[in-house]
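**Student:** Residue strings, one per chain:
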Amino acid sequence: MSRTSTAAAPADLMLRGATLSYLGVMVALPMLAMGVEAARPGVAAFRAALSDPFAWHALKLTFATALIMVVIDVVLGTATAWVLVRHAFPGKGLVNALIDLPFAVPTIVTGVMLVVLYGPASVVGTILGRYGWGVVYHQPGIILALLLVTYPFVIRSVQPVLLELGRANEEAAATLGAGPWTTFRRVTLPALRPSILTGSALAFSRALGEFGSVVLVAGNRPMKTQTAPLYIFGEIEGGNRHEAMVVSVVMLASSLAILIVLNLIQRRRGGVDGH
Amino acid sequence: MATEVCRPAAARTAAPRPAPRRRLPLGRWALDAVVLGSFAIVILVPAGALAHQVLAGGWRPFAEALAAAEVRHAFGLTLAITALASIINTLFGVAFALVLVRQRFWGRALTDGLVDMPFAVSPVVAGLMLVVLYGPEGWLGRGLEGAGIRVIYAMPGMVLATMFVTLPFIVREVVPVLLELGTDQIEVAYTLGASRWQTFWRVTLPLIRWGLAYGVTLTIARSLGEFGALLVVSGDLIDDTQTATLYIHDGIESFQPDRAYAASLVLAGLSFGLLVGMDRIRARLAVRDGVQE
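Quick mapping for you: the protein sequence lines, in order, are chains A and B. For the first sequence, this note's numbering assigns the number 19 to the initial residue and increments by one for each residue that follows. For the second sequence, this note's numbering assigns the number 10 to the initial residue and increments by one for each residue that follows.
None of these hints come from the bench; they were simulated from the model. The beta carbon of each residue, even a glycine, is placed where N, CA and C say it ideally should be. Check each hint, because a few of them may be wrong.
[What the hints assert, rightly or not] Some chain B residues close to chain A (C-beta under 10 Å, calculated; not the full set): (1) His61; (2) Val141; (3) Glu235.
[What the hints assert, rightly or not] One-sided and incomplete, this derived list gives chain B residues near chain A with beta-carbon spacing under 7 Å: (4) Val44; (5) Val51; (6) His82; (7) Ile97; (8) Phe105; (9) Val133; (10) Phe209; (11) Arg211; (12) Val212; (13) Phe236; (14) Ile257; (15) Ala277; (16) Ser280; (17) Leu283; (18) Asp288.
For reference, chain B alone in the conformation it holds in the complex (with noise of 0.2 Å):
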């Protein structure tokens, strides 16, 4: 009796299910094609472009664009200010990320909403605003011109621009890893007799590195890319403040764009490394966070 009672009902249940099963995947496979499609349009095929319209004449020329005097110039100056840039806001970054999640002090939402600022400023708008500063008749410019440093189009200018646009990521990184991390294991620290130096490399800094690794990759990817407040704040002397970017964008405004092209995938070389670094770093954030649940 169960078994007779039970079979029309399965079947009924099963009966209307199939229809619409069968007629969903036109819908899926509609939106499918067009995510992957506009996926393909938006990122790929302009990447490809400019691989191929670099490599279509071959290694050589390739080669041979980037052996060029300005060119390596170019990418040197790049270099130094992204490590500098990098190393300082490291520094600042930490220590402010602790100062936020660890302290209590009047004003402490305004400054964390503060730290965010560069991100909603236009890189060119930043530049003027340096210049605006440090500039020959600026507020601070004035003294340190002065005293004979010169800030705005030369070397402190741009670092101190690259500085400014890259401010927040690591800030951003790091304070959420340390308010999961709560102070349960730095108390026991201290209870055990650890100083605070001590405390903080053998345990916060271990604790934060893959936040922090992640900040840091954040950093130098957008240093080495840095163009609008360099623009404004360098001046643009070949050969003595022309980074990687700016060196592109003469290339190409002055018609002679293939050392321009060549210079361009390498960055975009180089960003992809660091991209694929990223994303090995987010596996090791998110195996932490698997752990801890």
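Bound-form chain A, shown alone (with noise of 0.2 Å):
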């Protein structure tokens, strides 16, 4: 702060303007000239171009699918979470490693292997079709692409958390008599919860914009497994610029809320953590 104030020298006001304006153009300006180049024509197109059924439909899906993901994550990252910290098993820092190859591996790779894995060619996607069930260019494997794609987030939100609260609390809870469920319930998971809101919340984000690993996976059938981001290259990739606006401001309204959201919840969990 001192420094600020004895030295707000020319250096600093010039790496404060030049990467501001930087900000400001790599950022800033594109989002500004989308939301001005969709809302031109107007409120009645706007509305127009949100109501065709295509576009509603990709929406829906969009915000079916992640959500399905996130319940899937919420349960299945908070026992992960806990396995890692809690329980010993050979090949433990393996695994411990592995789980961040989803934020590694390119998500065009990622709906590559589900298609090798899963797709109607292979082994697996043949037994499966057998029994009437499709994944590859079904919603299921929507869903299984996203929950690839997110695998990590609510493992190493809770994760941190859970090494730091350390048993204490949960020593005490058994010796008063509860049960493990109870103890979980009741003492581990209200101080888990920040953790796996963030977690659940930074992941419905990703899932709701994610693209790469959708497209090979869902095949793109409209009213089908068109999701949004698929609709909005669609609409590109067909010279409907407006449509895709459109659709996109939506996207970018949605993830814009949840980033606040999480903000607030952070800055919550940040008050308590002083204390």
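Join the two chains into one complex using the hints; note that each chain is given alone, in its own frame.
**Tutor:** Written out as structure tokens, the structure reads:
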């Protein structure tokens, strides 16, 4: 603080000016341009583009698949974090390192992996197809792709909190006669709740925009497996830029809302940590 | 007397314990099995399926697929874009992290939030925003086109798209390290007569290097794999603007997947290597944290 007052030097101001301009041109200006261009034809046109049955279905499908995925993520992610922190088993270090793989592997490669494994020509795909279960080019494929891509979020959010939490409170609850499930539900879970929320909000936001893995797995069938990002891409390709921009603005607004909620959660958690 | 009192007490507390302890492992094993089983289904089996698919016919077809001119060109373009975007974002990331942590100014919280926006934007939407801004009829594109500079459907647009999606990584990794560092060591350097530039190179940079390394690794991994934004921005012209991920997409879509599978395995291998690097760096960061505590 003292430095900024004593040496509010030209160098500081230059650095600030340069980075803020860069941020403005790189992030703020493109968002502004799209917002303005989407709104330019007027409210009626905006509403018309949104009420297009294909657009509406794509948005509904995107939110529905992301919602199913996030429920699975919460249960599985919390359980995985728990096992990684509390249990010992051979190969734990390797599992712990490989959990981040979806953060590193390109999304299109994720899609290729799933097509190879579950595609109609594959062994697994043939067996599932015999029972009438389609994965690739069907909605379960979308959820599977989203699960793979967002796998680390909840785990990596909960794990450090669980590690720091220790077991003192749990042992106290057990001494007072609580069973393991009651202890988890009444003692551990409330302490983990903010980190579970943070992880699942990040996963949900990521799932809404996911494109690379879904494009190969979903097969892009309108009104069936066409999610919002696929719809946007299709409209760009078809030259309907306004329709693409309107759905993009809705997606952007949803992600922004999630980010803001996330920020509030983190601020509250920061306050709790401070005590 | 004392021992006689003690013994039954010890026996009483010890007696009920073994029963629940002995019943517990079943639930514990079930939980382990569910967690490890889902880990295998979600991560290991798909990765193994890809490796098996590519290498089932031996190494020669794999090597031949990679030797194809389009494949080499696509990987060359991907590496070039990754290098450019990573260098520019490293410069910006460190500079902006310094501004965010060490300067107080109006609108600081807003810019702090703005940095994270690329994480909240779908890659396809990111590409669309760049087309709206830099496309032939775009706000900036019109002027640039007049000056003979083509951004969209060309290399500059692809670098811009990659820079956009990877913009937050380095800032987000360096800011917490700088915050934890405080300004004491910087003040000492100034007091001893070091210039700003010397202080940055000799004091700040060595102290933030592992956080920076982590951010750069994340940036490289994401740049290598960026697809959606590039697909929108590139126009996907074969050879000219086809990166590795776009090549893979084309191969699968055109039902000639063998080379696409081979290229996928290479990208997966590269990202696995980066992951190992990330793990090492995180271990370094943990060691440093441990030392400071």
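**Student:** All the hints need checking, so say for each whether the structure fits it.
**Tutor:** Here's how the hints hold up against the structure:
1. His61: holds, 8 Å
2. Val141: It holds, given that the least Cβ distance between Val141 of chain B and chain A is near 5 Å, below 10 Å.
3. Glu235: Constraint on Glu235 of chain B satisfied, holds at 8 Å.
4. Val44: Holds - the Cβ of Val44 of chain B comes within 7 Å of chain A, reaching about 4 Å at its closest.
5. Val51: holds, 5 Å
6. His82: Violated, because the Cβ-Cβ distance from His82 of chain B to chain A comes to roughly 17 Å (cut-off 7 Å).
7. Ile97: violated, 9 Å
8. Phe105: holds, 4 Å
9. Val133: At 5 Å from the nearest chain A Cβ, Val133 of chain B passes the 7 Å test, so the hint holds.
10. Phe209: Because about 10 Å separates Phe209 of chain B from the closest Cβ in chain A, which is outside the 7 Å limit, the hint is violated.
11. Arg211: violated, 17 Å
12. Val212: violated, 14 Å
13. Phe236: At 4 Å from the nearest chain A Cβ, Phe236 of chain B passes the 7 Å test, so the hint holds.
14. Ile257: holds, 5 Å
15. Ala277: It holds, given that the least Cβ distance between Ala277 of chain B and chain A is near 5 Å, below 7 Å.
16. Ser280: With a minimum Cβ separation of about 4 Å from chain A (threshold 7 Å), the hint on Ser280 of chain B holds.
17. Leu283: holds, 5 Å
18. Asp288: holds, 5 Å
Taken one by one, the earlier hints fail for this structure at numbers 6, 7, 10, 11 and 12, listed in ascending order.
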